[in-house]
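Count the sequence shown with this note's numbering and you get residues 32 to 402, in order.
The set of hints was computed from the structure by calculation and includes no laboratory data.
Be aware that one or more of the hints could be misleading.
Lysine-lysine pairs mimicking DSS-like chemistry, simulated, CA-CA at most 30 Å apart [said to hold, decoys possible]: (1) Lys304 <-> Lys255; (2) Lys349 <-> Lys334; (3) Lys349 <-> Lys312; (4) Lys304 <-> Lys334; (5) Lys256 <-> Lys211; (6) Lys365 <-> Lys389; (7) Lys189 <-> Lys115; (8) Lys290 <-> Lys349; (9) Lys290 <-> Lys189; (10) Lys150 <-> Lys189; (11) Lys189 <-> Lys211; (12) Lys120 <-> Lys189; (13) Lys349 <-> Lys389; (14) Lys256 <-> Lys389; (15) Lys115 <-> Lys256; (16) Lys255 <-> Lys334; (17) Lys92 <-> Lys189; (18) Lys85 <-> Lys59; (19) Lys349 <-> Lys365; (20) Lys92 <-> Lys304; (21) Lys255 <-> Lys290; (22) Lys334 <-> Lys365; (23) Lys290 <-> Lys211; (24) Lys120 <-> Lys211; (25) Lys365 <-> Lys312; (26) Lys389 <-> Lys312; (27) Lys120 <-> Lys349; (28) Lys115 <-> Lys334; (29) Lys334 <-> Lys358; (30) Lys150 <-> Lys115; (31) Lys150 <-> Lys256; (32) Lys389 <-> Lys304; (33) Lys120 <-> Lys85; (34) Lys312 <-> Lys290; (35) Lys334 <-> Lys290.
All values reported here derive from a predicted model rather than from experimental measurement.
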Amino acid sequence: MTRLIHFPFRSVIALSLFFAPVAANAAKIISDRTNSGKAFIIISGPIERDDARKFALELIKTNAEMVVLDSTGGSTVEAIEIGKSIRLKSVSTFVFNGRVCASACGLIWLAGSNKFLEKGARVGFHATYTNNQGERITSGLGNALVGRYLTLLNLPEKAIAFATMADPNGIIWLTPENYKTSGIDVELFGEKNIDNKIQTTPVPTITTMSMQPQNSATEVSLWKKIAGWTVIRDLTLSGNCAIYTDFERGTALRIGFRKSDFRSSYILIGNLKWESLEENKNYDLIVEFDSLGAWNLPTTGQKLNDVVFLRADFADTKFWDEFLEAKSMTVNFKGQPVASLSLSGTTEAVREMLLCQKSKPINRDDPFAKK
Numbered sequence: 032m033t034r035l036i037h038f039p040f041r042s043v044i045a046l047s048l049f050f051a052p053v054a055a056n057a058a059k060i061i062s063d064r065t066n067s068g069k070a071f072i073i074i075s076g077p078i079e080r081d082d083a084r085k086f087a088l089e090l091i092k093t094n095a096e097m098v099v100l101d102s103t104g105g106s107t108v109e110a111i112e113i114g115k116s117i118r119l120k121s122v123s124t125f126v127f128n129g130r131v132c133a134s135a136c137g138l139i140w141l142a143g144s145n146k147f148l149e150k151g152a153r154v155g156f157h158a159t160y161t162n163n164q165g166e167r168i169t170s171g172l173g174n175a176l177v178g179r180y181l182t183l184l185n186l187p188e189k190a191i192a193f194a195t196m197a198d199p200n201g202i203i204w205l206t207p208e209n210y211k212t213s214g215i216d217v218e219l220f221g222e223k224n225i226d227n228k229i230q231t232t233p234v235p236t237i238t239t240m241s242m243q244p245q246n247s248a249t250e251v252s253l254w255k256k257i258a259g260w261t262v263i264r265d266l267t268l269s270g271n272c273a274i275y276t277d278f279e280r281g282t283a284l285r286i287g288f289r290k291s292d293f294r295s296s297y298i299l300i301g302n303l304k305w306e307s308l309e310e311n312k313n314y315d316l317i318v319e320f321d322s323l324g325a326w327n328l329p330t331t332g333q334k335l336n337d338v339v340f341l342r343a344d345f346a347d348t349k350f351w352d353e354f355l356e357a358k359s360m361t362v363n364f365k366g367q368p369v370a371s372l373s374l375s376g377t378t379e380a381v382r383e384m385l386l387c388q389k390s391k392p393i394n395r396d397d398p399f400a401k402k
């Protein structure tokens, strides 16, 4: 139930005095206590790599009851990990009068056991994107990652839709005027703030596990989301279709057509933690679906934005058959398991991918294309 409340730690208002400009490439994570001894943590500035670890250590050290936010965003992955820590410890989140918590910061704020907004505060959301030479491109995988995170927070579908509806070039602001229709449980403190419309406000680049190649030709369009998978059309691959999803522990998988059918396919697998992978270097993997037998899968490091993924091209349709039949997929490197993935929804996803592929538009400028 959303309600107007009196903030229990009124003396924490003095926290605004602690806010100061921080380095442009790092968040400021500090802790303190109210006059009554209640511990809190402030996150101010861009959210970058390793901030989740720093925050977790600060949370353990202080046993804080509240996180105060003042940030225009940053790394989606780090924000989600911070949010998980907040939810696990049942910590409240708060944005002060005149302060902004946007983009990835908004994902952190949503994790609060109680989510406070003061007069003049704004929390903003938009779809996750990657920056391709200055162009913002919606990241299907990043949004899938965010969608699963918001589901883990037990937010209703209405709230998830609200938090992801704005495109990368805009922000939808959560305010006292629109919170009742957002599906988000808000604890208001003070008077109404401003602007409940989507605005084209500059927002920072967000780091995600995008499966889109980083080059000027990048153009990936969403076909459909189904059974935990996202179906896309990749115009960098002549408009051929693929499916992808992300799993527990940060592993992402994409599989699809290089050309027009199953005999010309590819698979991509990666994880942000696999930092030692090198672009264009070969890695011989062993892949096994359930106990159906092992596949030797020679892969090559391919850099997708700032992350190196492993890519293999294959032509054996039996690989597809086992992918559809299996309940699990195990990936080994040099005799050691590097990923154990629980497969589900593959039949529905591939069926939808085939519909996507069948609808592939004909290149009217190609006189040899089938009419």
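Checked against the structure, which of the hints given earlier come out wrong? 6, 9, 17, 23, 26, 27, 31 and 32
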